[in-house]
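S.K.: Starting from the structure of chain A, add chain B where the hints point.
There are 2 protein chains.
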Amino acid sequence: MKMISGGVCAAKGYKANGVHCGIRKNRTKRDLSLVVSDVKAAAAAVYTLNLVKGAPLTVTKNHLADGYAQAIICNSGNANTCNANGIEIAEMMSELVEKATGISADDVVVASTGVIGQPLDIAPIAGGMEKLYAGLSYEGNAAAGEGIMTTDTYMKEVAVEFELSGKVCRLGGMAKGSGMIHPNMATMLVFLTTDAAISPKMLQKALSGDIQTSFNMLSVDGDTSTNDMVTVLANGMAGNEMITEENADFNTFMLALNTVTVQLCRMIAGDGEGATKLLECKVDGAKDLQTAKTVAKSVICSSLLKAAMFGADANWGRVLCAIGYSGADVDVNKIDVSFKSAKGDILVCKDGTGVEFSEEKAKEILLEKEIEILIGLNSGDAKSCAWGCDLTYDYVKINGDYRT
Amino acid sequence: MKMISGGVCAAKGYKANGVHCGIRKNRTKRDLSLVVSDVKAAAAAVYTLNLVKGAPLTVTKNHLADGYAQAIICNSGNANTCNANGIEIAEMMSELVEKATGISADDVVVASTGVIGQPLDIAPIAGGMEKLYAGLSYEGNAAAGEGIMTTDTYMKEVAVEFELSGKVCRLGGMAKGSGMIHPNMATMLVFLTTDAAISPKMLQKALSGDIQTSFNMLSVDGDTSTNDMVTVLANGMAGNEMITEENADFNTFMLALNTVTVQLCRMIAGDGEGATKLLECKVDGAKDLQTAKTVAKSVICSSLLKAAMFGADANWGRVLCAIGYSGADVDVNKIDVSFKSAKGDILVCKDGTGVEFSEEKAKEILLEKEIEILIGLNSGDAKSCAWGCDLTYDYVKINGDYRT
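As you go down the protein sequences, you meet chains A and B in turn. Heads up: the first sequence begins at 24 in our numbering, then just goes up one per residue. Heads up: the second sequence begins at 24 in our numbering, then just goes up one per residue.
No lab work stands behind these hints: they were computed from the structure. It cannot be assumed that every hint is accurate.
A pair counts as met if it fits within one copy or between any two copies, since identical chains are not told apart.
Straight-line C-alpha distance at most 30 Å; calculated BS3-like pairs for lysine-lysine [what the hints assert, rightly or not]:
| hint | residue 1 | residue 2 |
| --- | --- | --- |
| 1 | LYS373 | LYS84 |
| 2 | LYS48 | LYS386 |
| 3 | LYS228 | LYS420 |
| 4 | LYS420 | LYS190 |
| 5 | LYS228 | LYS392 |
| 6 | LYS224 | LYS63 |
| 7 | LYS25 | LYS63 |
| 8 | LYS48 | LYS384 |
| 9 | LYS84 | LYS357 |
Chain A on its own, in the form it takes in the complex:
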């Protein structure tokens, strides 16, 4: 599994572009992105479990019902959610793609991200479509990646190269997501592309399985968005033997997928709204997987722990507290806790009780940008990992006045 560049254009046969069309007032910020495959691709997606769903998700779900798609359009600056004409606008976006590219509107994935409850004007999208289409290129991944950003501070993309039945395949993707991120099935917007040949059914199986250990273990603020989804297109242009069952190639594909999604998770968590640190909570010794996941997520979601990490304060009592209210069935007298970073690691709690440790050393470890919170439950073999970020002044600032 080799990391490569190119993001959503890393795989064979994918062009992309992103432009400023005018949804956002800031003319220097791209707000409309398009990704197209040279040929029709197998497609799979997972959607937010929020009962309030963005109109684009409903439209995309209809378009992917047959298991295939060929293009992705996504705007930022407006979520097209809770609007009376939302479905109509999302359909119009697909039709604009059909008009520009010749790809059937039924094969278009539509996504929107931004403020909820303000009608999305189709005019700037219609006006920008010509420029967007004209600029499509096999190196357009960065422009497309920028076009889907909202409060993100950096563009997020990653890609890998791997082999299936002797053929070199690639899988890459881009993501946006900084706030309103909390695992509950799909979260944020993630667009993945691959040139591997895989049936729609197996592609959906791979994606639905993957998110259980990737995006569903990610939380920035405990808020599950209305608009978030993860989609993957597989156009088969790598020429490998089509994956139609759970064989060795499927396992390799799953590994490639997980390599990309976990990396995107880390990027999204590290770029959480206002975040100064990436937090990884690694739980082992759990009696079963669900226990490990419940504990890891509860710790990564604790506002108190997140604030302590911002202050580089080794306040492990908050880790114990978050485990205690997680609902997981654990023996609190067996819990060990350590903090770890590039500066080393330090044990702060053993068998549920505090141990003496150097506050200086702990501070040095916690001042780093990437912190691991290691929890040993000492009650079995299951393990899990969750990603999050610290809670900072800037999170409050960004969200105290998002709309203006």
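M.R.: Just chain B now, kept in the frame of chain A:
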């Protein structure tokens, strides 16, 4: 139901005091409180559901097993939780009370609040006991209230006067709680006293019922503490006919209890760590009570909405979003949302869709200190209310470096 002064000393026969004994370094902050009843009292309590429980809770539970108690001792500055000798220290606190007051150690409620995982030194408590006992008075409620404060910015007490079988009764209480507050059975520390005569069984029934609509509907930060409990002592000195069943007197008592607890909830929420605003989320038109409660709690707990309220931003999309991921079974196309304060009220969402409204008027309403978020589900008759506060820079500041 008449509001009166006196807090935990409002009812007949309760003395209280609070002193600085040296658990905290700050010599101007009282850190040890004592409340005693002139006679043995029926006692009831509810405890945190956190699996990690403070040692004082275990000791208190044992002491209340017979349904009676006569004194309460509580220190701030150290939670006596996750310490190897925690139970021993909590028992020693009861024994110190017995030595000073002559009240059996078995009739002492013990509570601690503060940092988790640092051994609690008994020496300052032993050293301060003489002064604490000597200063007990029927007007000592304020000193006791101050002694249990941690990051609270003001002392919280309330009391009411009511009649039972022709006798004037009083019920009052004090509370501490500012961070690590999230409803899951008992939360924070609340000590209630009454001179009403009520059996231990009915007292527990009253308290367990009450918290479902009071403290369990309160959240500051989503973190359920390890040490929190609500206790009530009823010494019968009002001379009313003993309440032993669910009769009219019991209902009056419940009303008095709820009047006090709801007021304490509002005080705790309004004094949430770093809070600048009290938020009340009132849900009506729910198909059942559980739906109403789930919706109200989800909205009051949303970090994004809390930050928007800090910024006085009428970002109602975040209300819809929080309803959508609450898990409650609601029809999103029937939801109405309004914001209300002393400056008036404004409808911002009707039938799940945004309506045009004056941003200026909304801003004026949201700049107030007490904000109501009114949600109409239009699907039934059940209603509920939850209390919380905004998310501010100061919450991050307070919790970024709590221990130092």
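S.K.: Evaluate each hint against the coordinates.
M.R.: Evaluated hints:
{"no.": "1", "hint": "LYS373 - LYS84", "result": "between (49 Å within a copy, 26 Å between copies)"}
{"no.": "2", "hint": "LYS48 - LYS386", "result": "between (42 Å within a copy, 22 Å between copies)"}
{"no.": "3", "hint": "LYS228 - LYS420", "result": "neither (40 Å within a copy, 44 Å between copies)"}
{"no.": "4", "hint": "LYS420 - LYS190", "result": "neither (49 Å within a copy, 54 Å between copies)"}
{"no.": "5", "hint": "LYS228 - LYS392", "result": "neither (35 Å within a copy, 50 Å between copies)"}
{"no.": "6", "hint": "LYS224 - LYS63", "result": "within (15 Å within a copy, 71 Å between copies)"}
{"no.": "7", "hint": "LYS25 - LYS63", "result": "within (26 Å within a copy, 74 Å between copies)"}
{"no.": "8", "hint": "LYS48 - LYS384", "result": "between (47 Å within a copy, 24 Å between copies)"}
{"no.": "9", "hint": "LYS84 - LYS357", "result": "between (46 Å within a copy, 23 Å between copies)"}
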